[in-house]
Each structure stands twice: as structure tokens, then as C-alpha cells.
Amino acid sequence: MTDASPATKIEPATRGFAVRAMHEFRQVSPVLLAVVLIYAGFLIVSPPFRSLDTLFTVLTQATVLAILACGTTVVLISGGLDLSVGSIFAVVGIVAGQLFTTYHMPVPVVLIAGLGAGTLLGTLNGIVQVFTKVPAFIVSLGALTAYRGIAELATAGVNMSRFPPEFKIIGSGYIVPISIAAVVALATWFMLTRTRIGNHAYAIGGNEEVARLAGINVARARVFYYAFGGFMAALAGLMQTARLDFAQSTRGVGYELFAIAAVVIGGTSLFGGRGGVIRTIIGMLIIQTISTGLSYMGVDTSTQRVTIGVIIILAVYLDVLRRRVS
Amino acid sequence: MSFLKMAKSVAVATVLASGLAYATSASALTIAYSGYPGAISAFWASVTDAVKAEAAAEGITLLDLTTPEADAAAQKNAIDTAISQGVDGLIIGAVDNRGFDDTLAKAQEKNIPVVAIDTGIDHPWVKSLVQTDNLAAAGVAGKYLVDHAKKGTVLIIGGSEGHQTGNARRDGVKAAVEAAGFTTIFQICDWKDDCAYDQALTQTKANPDITAIFAAWDGGALAAENAVKENGKGADIVVVGFDGSPANFESIKAGEQAATVKQDSVGMGTQGVQNIVKLIKGEAVPALTPIAGVLIDKSNVADYLK
Numbered sequence: 054m055t056d057a058s059p060a061t062k063i064e065p066a067t068r069g070f071a072v073r074a075m076h077e078f079r080q081v082s083p084v085l086l087a088v089v090l091i092y093a094g095f096l097i098v099s100p101p102f103r104s105l106d107t108l109f110t111v112l113t114q115a116t117v118l119a120i121l122a123c124g125t126t127v128v129l130i131s132g133g134l135d136l137s138v139g140s141i142f143a144v145v146g147i148v149a150g151q152l153f154t155t156y157h158m159p160v161p162v163v164l165i166a167g168l169g170a171g172t173l174l175g176t177l178n179g180i181v182q183v184f185t186k187v188p189a190f191i192v193s194l195g196a197l198t199a200y201r202g203i204a205e206l207a208t209a210g211v212n213m214s215r216f217p218p219e220f221k222i223i224g225s226g227y228i229v230p231i232s233i234a235a236v237v238a239l240a241t242w243f244m245l246t247r248t249r250i251g252n253h254a255y256a257i258g259g260n261e262e263v264a265r266l267a268g269i270n271v272a273r274a275r276v277f278y279y280a281f282g283g284f285m286a287a288l289a290g291l292m293q294t295a296r297l298d299f300a301q302s303t304r305g306v307g308y309e310l311f312a313i314a315a316v317v318i319g320g321t322s323l324f325g326g327r328g329g330v331i332r333t334i335i336g337m338l339i340i341q342t343i344s345t346g347l348s349y350m351g352v353d354t355s356t357q358r359v360t361i362g363v364i365i366i367l368a369v370y371l372d373v374l375r376r377r378v379s
Numbered sequence: 409m410s411f412l413k414m415a416k417s418v419a420v421a422t423v424l425a426s427g428l429a430y431a432t433s434a435s436a437l438t439i440a441y442s443g444y445p446g447a448i449s450a451f452w453a454s455v456t457d458a459v460k461a462e463a464a465a466e467g468i469t470l471l472d473l474t475t476p477e478a479d480a481a482a483q484k485n486a487i488d489t490a491i492s493q494g495v496d497g498l499i500i501g502a503v504d505n506r507g508f509d510d511t512l513a514k515a516q517e518k519n520i521p522v523v524a525i526d527t528g529i530d531h532p533w534v535k536s537l538v539q540t541d542n543l544a545a546a547g548v549a550g551k552y553l554v555d556h557a558k559k560g561t562v563l564i565i566g567g568s569e570g571h572q573t574g575n576a577r578r579d580g581v582k583a584a585v586e587a588a589g590f591t592t593i594f595q596i597c598d599w600k601d602d603c604a605y606d607q608a609l610t611q612t613k614a615n616p617d618i619t620a621i622f623a624a625w626d627g628g629a630l631a632a633e634n635a636v637k638e639n640g641k642g643a644d645i646v647v648v649g650f651d652g653s654p655a656n657f658e659s660i661k662a663g664e665q666a667a668t669v670k671q672d673s674v675g676m677g678t679q680g681v682q683n684i685v686k687l688i689k690g691e692a693v694p695a696l697t698p699i700a701g702v703l704i705d706k707s708n709v710a711d712y713l714k
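Sequences listed follow chains A and B, in order.
Residue numbers for the first sequence follow the numbering used here, so the first one is 54 and each next one is one higher.
Residue numbers for the second sequence follow the numbering used here, so the first one is 409 and each next one is one higher.
Hints are not guaranteed to be accurate.
Okay, derived cross-link-like pairs now, SDA-like style, lysine to any residue, Cα gap no bigger than 25 angstroms in a straight line [what the hints assert, rightly or not]: (1) B:K714 to A:A207; (2) B:K689 to B:G560; (3) B:K706 to A:T154; (4) B:K582 to A:L347; (5) B:K637 to A:I228; (6) B:K637 to A:F109; (7) B:K641 to A:P218; (8) B:K706 to B:K689; (9) B:K706 to A:G210; (10) B:K582 to A:M350.
What the hints contain is simulated information worked out from the structure, not anything from laboratory work.
Values in this document were obtained by computation on a predicted structure and should not be read as measured data.
Chain B on its own, in the form it takes in the complex:
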């Protein structure tokens, strides 16, 4: 065992020991959590904060075993250690969702329930997955378009054909706007901004009844917004994106792009803790807990601009 690994194990053991000591004294639950490193992803930093906040609110001792790097092996080691020392439950945001088989078998043996967040782990012992529902999140975008655009045609600019996320976002918007009597035009752009720009320009010229544009990613939405602005139709066409990128927040603040939908990191973290508590108490939890998106428009964009 290398020094670094040993140091890591000692650190984990210390955290666990102190946590267990506390748990015993307070006779409360102890839950181990391992997510994707927050230093790499702002989304995950926010998920981890929400997990901690919810755990504190419920009086649970939370052991944050998140590794500083996105290292699948280190994550597995930390979780293995937590299982052998004994915790009441596990919340895992897998760095790599393969290779947890023996870990989860051990958790099952010790009857430690597991909740997966963001990424599904294919194992019968994982009874709950909390995941962003792109379909529902795009439905939020679709509803916004219905409420804010004049009745007409919605141009949907998609990611890659067959890409699960891209397709779900397309279908979510499509269902919402078509139910409200809009027609749709769909064009695939392989997540390429320049394609989104050209399609937004050409389609709005060829189809004057386009009143709204949805792009499955924020770069595409910003490109589309700039294309219709160039076309002199910036004020008439409602553009909505997906992701919640800083450049789009600036555009929303300036009153250009209308809105964007962001994955609900807080909802994901909170729901993850609530589900593990239910599992520990032996209550039923649905296999999939979908998390919808948060809509960001001019009214709340200030909260997201740093």
C-alpha cells in the first residue's frame, strides 16, 4: 500500500470513527456520501452542499467521503471502508457506475441501503435512483414557451440523434407546446453552435410563423438568439435554452435570451437524503425519483449570476 493510499485510508477511518462516536452518543443515523468532486463541477459542489444541508436539518451525521479527484478507484475504496466500519446508509454519485458489484454485495450482506444520485448503478441492491428527468425539465421549458410566445411554430434545435439527453429534451418541449396548439420544426445540430446559428437564421426567414426557439443546450440558444437579433426579429421570437451557462445568464439579464432551464442540484441532493432515510426506516421508495429543472428567466437570474 502506497503512503498516499494509506494516508487516505487513515483519513477516512478517522472521519468514520469520529462520526460513529458521535452517532452512538446521539443515537442518530450516520450516512456516508460520496459524490463527484465539487472542484471539477459547480453542479456537484451544489449537490454536495444540499446533501449536507438536508442531513443537518434532519439531525443526521453525514460523512462526506467525496474524493478530491474524479478517481473511480479511490471512490470505491472509501465506500468499501465505510461499509466495513458500518454506517446506516450510503448515497453514491458514481464517478464510474461500473465496478461497484462486490461493494454493493457487501452492503447488502450488512443490510446497508444505498441511494444512487445523478447516475444509475445497475445492481439489485440499489433501490432508489434520484436523477434529473430531462423530459420533465424540458417540459418546464415548453410550458414557458406556451406562456410567453405568440401561438405559432416552435423551432427545436436538437443535440445528436439518438443521444438520450438530447432526445428527452426535444420530446419534453415538443409534447408541451404541441399540446397547446403550436406546431414544431426539429433540426439536429450535433450540439454545434454555428449550426444552431445558421438554422435559426434560415428557418426564421423561410418560416415567418416561427415565434419561439428551443435549443437543447445553452450554446445553441445563445447562437439562435444572436441570429434572430441579426435578423431583426430579436424582440418577436422567444428563445429558451438548457444548462444554465454564465454567458446565457448575461444574455437573460440583458433581456435578450428569454430563459434557460438548469438541472436542480439542490433538489437532487435533498431528495437523495430523504430517500435514504426512508429506506433505512424500511419505508417504500420509488425506484426512480425524477428531478425536474429550475427555470431561470429575468425575474430570478440575479440569484445565479456571480
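Here chain A stands alone, though its shape is the one from the complex:
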């Protein structure tokens, strides 16, 4: 939806709303068409898939990874990379679990502490990267391992389960998780398209040197994007912990790659400067529709993984073809 030309950065307010909306719809339409076709395909072949309940199940199951992927989208647009979000996700779950079971903290305190912890770890990734100039891949690979270790240490063999109902609500049922994901997606979209710091992500991801010469404080902006990614990982981690109603240090393994998969299926560039968050959400819906749909058809989880792997490559290939044609 948000896109990617430098014009967006320089004069976002001067283009008419209708023109913008049309432009954005054109950008999103291929992935939107894909998800509709895939959904329709399952409706045809699988009778149990034909219910409103199933649609809500798909949407709900996609929420956790969709929220995580909102953060990943912003980081990737800015030309960064954070492989540690799956581990941040785990740390936050353990923080929440410990605060509830060992320290008997009230729900609002746990939510704030959890979101704070995730934001802090994301910020740390950004700061280390900006100051050491070590490539993002390496910094976040190190963080992936280190944060997982922190999650394991913080577990301390404690049983963390059976949380208060006011906490469980953020992951239970359809309405609350879907609403949270929708608000997050819209807020991210607004940030990327309507705010200066969001527009700077495209500028920095497109050409960092030019952005710096244009007077953008690149270091500060980068730290912000990583903090944003950490915050989203934390929110996703809290929601899953609430949903499963017990905390464990093994959660979120490989989630960073699922998030990146949704981002690239949506058509956001891995190399920065181009992309948008609504497409990421649709990308995640494609993955979830396929995996839930295949489950309904009785296909085993291993075959589901093969299918999703092929879809990832196919999606990017189609994007490459489309660009070549235009």
C-alpha cells in the first residue's frame, strides 16, 4: 500500500486522496487477487472449509505472525534486518510468565513490562549495529542466539501457566486478536506513509548516503525502526502467551523467517526502500490460508511446509516477471 517512490517522501500531502488510493490499490492488487483465488480454491475443494467460522479461524491464526511481520516490514524497508525477533518473542513470553506466576503482578504492569522488554531488546540491536557498524545480519544473528539463552535462563524451571482471564483475553476468541492486528496494521501503515520517520525509512532503505546528505539523522532513525520491530515482537509474544495460556522458552523459533516470508510474498524488497505493510498482512494471510486449508483437507504438516516454500519462491518470481514487463 505505501509506496516507495521518493515522491512519497518529499510531498506526501500534495497528492489527492483518490489518486493515492488508486495507486496503492494497484500496488496491492496482485497479492490481494492471489489470496482471494487461493481462498476460493479451498472453498471449492473442501466442504468443511465453507463456513464463516473457518474464515475467522484463518484470520485469528494469522494475527500473531502478522503483527510480528509489521515490525519486520518496517525494518526491511529501512534496509535493515532483525533475525532476533523470534527470540525477543520468547523472552517477552517468559517475562510475562514470571511476572504473573512468581511476582503476582497485575495485568497492566505485565503488559507494559512485556512491551517494554521487547522494545528494549530491539533498541539494543539498533544501537549495537549503528555504533559498531557490524552488518545487521551478524548483529541480529548474535542477538537471536543470546536472547534465546536469556529466555532459557529466565525460565529457571518455573511452571508458568494458568494466567488471569483479563490477560488471556488478548489472545482468545476471534474479535480481540483480529482487532488488535487490524489496529497494528493501520498504525504501521499510517506511520510509514503519513509521518516523517516513516517516510525516512524509504529514503534510508533506498539510498542511505543520499538520505544522510538530505539531512536525515540516519542512526537515530535506524534505532527507532529496530525498537519498533522489538515492540511488535513483544506484542505478538504476549498475544501468543495469552492464547496458549502457558509460557515456554522454546516459543517463536523460526518466526523471524516466517515474518520475512510474509514480507517477500507481499512484494516488499529485502534490500530496502520499497514495500508496504498492507501487502505483508496479505502475504501472511496467503501463508495461513494455505496451511489451514491444507489441514482441513487432511494434508500433513510436512507437505504444508513444502507447499509454502514453493509459494515463497513463486511469489517473488512473479514479482520479478511483473517488473520486467512494466
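Could you slot chain B onto chain A? The hints should help.
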């Protein structure tokens, strides 16, 4: 030799000497035991207690040479010392089952029989292995499902494909429930709780005839229980796990998860002592003594909650 190592050797020698003195005076058997440190694993703490209890019951002098850390080299040193000083038998729960070759050759030379517990040691002198039989333990879970679930389909949520433990647990449940006329659906979840949650939710929606769920690990079972609860089917679907984790005990106590199967640490320790005694007396012992699991449900969960 470092001071620490020397201190350890002296300590072992003292234990051995006092043990031998006692053994000679009482003309009873002396057995050396080395397991995995109990401070690290509650399972092993319980195995060691059972070994001690059984030895005491049989009037055997037991030398517990278990090292305070999971240190394979220290464990080997302690066992080597025990062999050279002379004991009647050895029970080994190997920290690392490789690298015991020369140790066991020496035991063979001195005709000291060896029983391996929990982990197999690949050496011809080890005549007996006492090990949890995941297949049989899962069979216990399967039987519970047959007895407690309405006839229908059992969703089996598995660990990793090709993982021996995970596969044995799947096959044990599958055989038991299919023999009783249930059908099964199997999904691999790589020991991931969130996958277990999603599969439990989706499969019970897509297949209304699912009456029971077995997960090969307790995290998966708890996730599955919470998914069916969310789905409003918590009361209709019997969920059984494997491991015996504290969070699952809480759920069983609350009447949600139906049951879990725990490895029988007491059985393992007791059987280990009984086997070594038979070997010392020259009686025949099967190469593998399988230990089944203990089923924990609402009726006995209080014994396991601390």
C-alpha cells in the same frame, strides 16, 4: 594432577575403602553406581533415590559415585577407580555413552558385571540395559484413551519425523487405539506448542469425530487442551500428554487435561539394582529390560504436585 582432581580421587578412594571395609565385614555385595547428577535433573534424582532404596532393601553396600556436574570425564575417572579398587558390580547411567571402551575392558578383565540404565552403552561386556520403553509407555496412554474417550478419531500430535522417541510414542498410542477400533490422524509438530495449538483447533473443527488427542510431549498436550477449551469442546475431547511437567499436573488437577505419562524413574532404579544382583550371581538377564510409563491422572496427580 590438579588439586581438584586429586581431592576428588581421594574422596572416591575414601568412599571405596570404607565401603570395602564394610563389605568385608558383612560379607555382602558392594556395588558402585554412577548416574546423571540429580541436581540437574529431577528424573535422575529420583532414579538415584530408587537405586539406594533397593540396595538398602537387599542389604547391598552401595557406593554412589555420581559426580556433582554432568562431566563425562569425571564420571569415567570415578568408575575407573572403583574398578581398580574392586567392586562386585557396576551400574552406569552414562553422561556420555561413548568412550567407556577401555573402562569396560578392564571391568571384563576383573569380571565385574555392568548394567547400563537409561542410556545404552555399546560394548559386549554390558549384558543388561534398563531403559524406558517409549512404545510401551505410549501404549499406557493409548489404553487410557481407549478406556476414557468415546469411540471415534484420535488426533496424534507428534514430535519430529525420524526422532526415535517421538516415533515410538506415536506408534505406541496408534497401535493401542487402532486395536480398539479408533481411527487416527497424525500431524508432525516438531515439538512446537503453537503448532500443536493450531492443529488441535483446526483438526477438531474439520473433523467433528475427534474424541481424543495425544501429544508426544506435555507442552503440546497443554496447548491442545487450551485449543479445544477455546473451541468449546474441552469437556468432550480427552487430551493426554507425555513427560509429566508441572504445568500439566496443574491442568490435570483442575480437571482439564485428562492424563499424562511419566517415565518410571523408580522402576528404572529398582530394576537396575535387581539386574546387577542377578548378573553377579551368574543368573541370566535379558539384554534389554524395558520400563513402562506411569500414568498420572486426577486420581494420583496430588502425589506428583509439590
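Hint by hint, here is what the structure shows:
no. : hint             : result
1   : B:K714 to A:A207 : holds, 21 angstroms
2   : B:K689 to B:G560 : violated, 51 angstroms
3   : B:K706 to A:T154 : holds, 23 angstroms
4   : B:K582 to A:L347 : holds, 23 angstroms
5   : B:K637 to A:I228 : holds, 17 angstroms
6   : B:K637 to A:F109 : holds, 17 angstroms
7   : B:K641 to A:P218 : holds, 19 angstroms
8   : B:K706 to B:K689 : violated, 42 angstroms
9   : B:K706 to A:G210 : holds, 23 angstroms
10  : B:K582 to A:M350 : holds, 21 angstroms
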